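Can you make the complete structure from the sequences, with help from the hints?
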Amino acid sequence: MSISVASGPFAHDRSSVDRIMLQVCLALLPATLFGLYLFGWPAINLWLLTCASALATEALCLHWLGQPRQRLLDGSALLTGWLLALTLPPWAPWWVAVGGAAFAIGIGKQLYGGIGQNIFNPAMLARVALLIAFPLQLTTWPLPQPLGSPGAPGFVEGLAITFAGAPLADGMSGATALGGLKTELTLGHSVEAILAGNFALLPALLGSTPGSLGETSELLLLLGGLWLLARRIIHWEIPLSMLLGVALLAAVAHQINPERYPGGLYHLASGGLLLGALFIATDPVTSPVSRSGRLLFGAGCGVLVYVIRTWGSFPEAVAFAVLFMNALSPLIDRYCRPRAYGRTARGKPLAIGRQTSPVKES
Amino acid sequence: MFNLARIRGGIHPAAHKDRSSALTIGRVPLPPRLYLPLRQHAGAEAMPLVKVGEHVLKGQLIASSPSELSAPIHAPSSGRILEIGPILAPHPSGLTVNGMVLECDGEERWIELEVPANPFDESPLVLAERVARAGIVGMGGAIFPAAVKLKQGTRHEIKTVVVNGSECEPYLTCDDRIMRERAEAIVDGARLIQHILRAYRVVIGIEDNKPEALAAMRAASEPYGAIEVEAVPALYPMGSAKQLIQAVTGREVPAEARSTSVGALVHNVGTVYAIQQALRYGRPLISRVVTVAGSCVVNPRNLETLIGTPAQALFDACGGFTRQPAGVLLGGPMMGVALPSLQAPVIKGATGLLALAPHELRNDQASPCIRCAGCVDACPMGLLPLEMAARARVDDLDGAHDYGLRDCILCGCCSYVCPSHIPLVQYFQYAMGRQDERRGAERKTEQVKRLTEARAARLAEEEAAKAAAKAAKAAARAKPAAAPTSEVE
Chain X
67 MSISVASGPF AHDRSSVDRI MLQVCLALLP ATLFGLYLFG WPAINLWLLT CASALATEAL
127 CLHWLGQPRQ RLLDGSALLT GWLLALTLPP WAPWWVAVGG AAFAIGIGKQ LYGGIGQNIF
187 NPAMLARVAL LIAFPLQLTT WPLPQPLGSP GAPGFVEGLA ITFAGAPLAD GMSGATALGG
247 LKTELTLGHS VEAILAGNFA LLPALLGSTP GSLGETSELL LLLGGLWLLA RRIIHWEIPL
307 SMLLGVALLA AVAHQINPER YPGGLYHLAS GGLLLGALFI ATDPVTSPVS RSGRLLFGAG
367 CGVLVYVIRT WGSFPEAVAF AVLFMNALSP LIDRYCRPRA YGRTARGKPL AIGRQTSPVK
427 ES
Chain S
23 MFNLARIRGG IHPAAHKDRS SALTIGRVPL PPRLYLPLRQ HAGAEAMPLV KVGEHVLKGQ
83 LIASSPSELS APIHAPSSGR ILEIGPILAP HPSGLTVNGM VLECDGEERW IELEVPANPF
143 DESPLVLAER VARAGIVGMG GAIFPAAVKL KQGTRHEIKT VVVNGSECEP YLTCDDRIMR
203 ERAEAIVDGA RLIQHILRAY RVVIGIEDNK PEALAAMRAA SEPYGAIEVE AVPALYPMGS
263 AKQLIQAVTG REVPAEARST SVGALVHNVG TVYAIQQALR YGRPLISRVV TVAGSCVVNP
323 RNLETLIGTP AQALFDACGG FTRQPAGVLL GGPMMGVALP SLQAPVIKGA TGLLALAPHE
383 LRNDQASPCI RCAGCVDACP MGLLPLEMAA RARVDDLDGA HDYGLRDCIL CGCCSYVCPS
443 HIPLVQYFQY AMGRQDERRG AERKTEQVKR LTEARAARLA EEEAAKAAAK AAKAAARAKP
503 AAAPTSEVE
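Chains as they are written, first to last, in our numbering: chain X, 67 to 428; chain S, 23 to 511.
Errors might be hidden in some of the hints.
What the hints assert, rightly or not - Partial list, derived from the structure: chain X residues whose beta carbon lies under 10 Å from chain S:
| # | residue |
| --- | --- |
| 1 | V83 |
| 2 | R137 |
| 3 | Q183 |
| 4 | R297 |
| 5 | I299 |
| 6 | H301 |
| 7 | R403 |
| 8 | P404 |
| 9 | R405 |
| 10 | G413 |
| 11 | I418 |
Everything labelled a hint here was simulated from the structure, so no lab data went into it. Keep in mind the model is a prediction, meaning the values are calculated, not measured. Ideal placement from N, C-alpha and C gives every residue a C-beta, glycine not left out.
See the structure below:
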């Protein structure tokens, strides 16, 4: 009859960390499967390798740090590896996957003290580290060659691409919409002319365009994200304010100078914005906890994405923007707090005021 | 109907109320012995008025309240006082408290009750005093002496008396059942309280998941204009005074202030019933309705139980256990406490006895916080439980206080939703205990400082007086010494 819990409440809603992580993975599944189909065997290798390396690194770190082994099964390492894989070029070589995952888990997460302690999103930290260290491998974008289509690499060729570093044949690689735009703009072409050549909205939304493994299909990402929102795994504030931030800035800039700046829809449909807004910026560990804080965080991410995409030297900006805002999260949390019951927004007790009057002793 | 104010946060735990609310209130057979702790209320321990071996009658005053913030205790049945001393407390520690053991003689002989004429003719203070003498405390679990609240009417303008029939804790149905079965007495009690507090209106707030209770109370209050029955949304912790006041009046009680500052006062329906019994029939509080529930109980139901009855007797009256429970709780699963033994007695604030199976209890394997903000969303007080716990863990009491410990009502919503199973409430209770300790120590230091300074001042004064006296004496001696010479001269 002894009870192991010393104090109430004794009831619980049966939620758990592993269930949250697995649901996020589940929500990523449609976009992931589509990406794997689109980019074929090398992409499958990359995805498996990244997830497995993340788990292996986590197991090693838990062992070294003397932490409970069952934390390996909480799904957080798998999710980090998974997210990292989705942001890599689909035909990246094996050492990018292994090194990236080891960096994400070892340095991005365990060095800070493990789950819940990291300041920066581990997957984004690893992606930025890889991008800066290996810019060539991280910006080589193969054209989509769906599994089973003529010319798509078979299983053995896939192994060769992933493990032996077989070079991409000419004409098999292309530029992402964002990268293409950036290059062409420097050549002095107008946005309309460039986009007419290399951008069409429908394929961009469906995802049959060059890009990172899991970021290309905005519609499938949106599907997973909406499901997470409905399950209340993620909050609506960050995705909404982030997407709105980018779209509004883009729309305003487009109105001012359509020759130079593409519109909001182009930005929403390109690059990793949706993946970032729904799955990466919403990482609970590295984002603020209050509603106002999350709105601020998301808006900050959105503004930074637009600014870096438009005026920075990298065509894509989600990882930088999210990491920058991650650094601000503790500060945001310090100042953006919910209003407590019976207190003003600044934490002072509400005025008792003239709601009642004292009664004289009868 | 009224446009109810939206309560922030809160949770919707599984109710588990169907089985025990289906049956009428039953009775517990008279147990051979009753165990009566001397403190079943907030405030000072009651003082025994009887001796070991003395025979007492049912309803006889056996322990009186030494101060305003206390409550007397009456014999729940007739019999002999067997023992006065330490008895097992209904507290998870399993420690003992001062109490009395009453051996029942089975005759249930009542003491002569003083039946007041028409209580509406009497002055509020007289009535409040009667309630105090009946030993009535907040029966929703707060165990705050009811009369102390009733006397607020002389000091503050009370606009709204809120009768709390929300019963938001899972499993518990005792309030639901008494509202269905004793609606008229409760409405009568509410009118008496309105009279005592000179309040303008009475609102009986009942969660909308109790349609039968709502209907019964509406029917009973029909003849009286100033009494409204309002359905409030079923949401835990609707039964908390602050949340209920906001739902009913639309006003927030300012932090660090009492509900009287918004002109409201909350009484639980069980308390209202007990007050009516005391004022109409002169009956002291010697029994209450207790919900016996949980999946390990054969026939969950509500039982009219004499105060002091051991938990075992209630479970026996419900057919015993289907299997060995993994935990027995006194009160609801959100704010109740674990019982150390089935011999622990029912006290005045005992709303329920739950025998729960492992699947009804929380997993106690805590993992690190992932900052999911579930607790922030669930907190009905708008606090940051995760930050409070992180600070309480490292004994940063000021930090925890600043992040909301000062406003925390210990409702447990945060723990309920935490996916990492962190025992947040435990941290808060710990930090509150440490704060109390620290405040006590500070007061003591302050006192010692004051006394030391007073002593130093007194000594200095004495020294000065002595010196002055000495000087005066010396002067006097010098004078007489000089005087004679002058005389001689």
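A quick look at each hint next to the structure:
Given hint, V83 of chain X at the interface with chain S, holds; its Cβ is 5 Å from that chain's nearest Cβ, closer than 10 Å. With 10 Å as the threshold, the beta carbon of R137 of chain X comes within range of chain S, its nearest partner Cβ sitting at about 7 Å, so the hint holds. Below 10 Å, beta-carbon pairs count as interface contacts, and Q183 of chain X has one with chain S at about 7 Å; its hint therefore holds. Hint status for R297 of chain X: violated, given a least beta-carbon distance of 12 Å to chain S, over 10 Å.
About 8 Å separates the beta-carbon of I299 of chain X from the nearest beta-carbon of chain S, less than 10 Å, and the hint is met. A distance limit of 10 Å between C-beta atoms decides the matter here; for H301 of chain X the minimum to chain S is near 7 Å, and the interface restraint holds. Evaluation of the R403 of chain X hint against chain S yields a held restraint, the C-beta minimum of about 6 Å falling below 10 Å. Among the interface hints, the one on P404 of chain X holds; its C-beta lies about 4 Å from the nearest C-beta in chain S, closer than the 10 Å criterion.
Interface restraint check: R405 of chain X against chain S, minimum CB-CB distance 5 Å, threshold 10 Å, status holds. Checking G413 of chain X against chain S by beta carbon gives a least distance of about 8 Å; that is within 10 Å, so the hint holds. The beta carbon of I418 of chain X comes within 5 Å of a beta carbon in chain S, closer than 10 Å, and the hint placing it at the interface holds.
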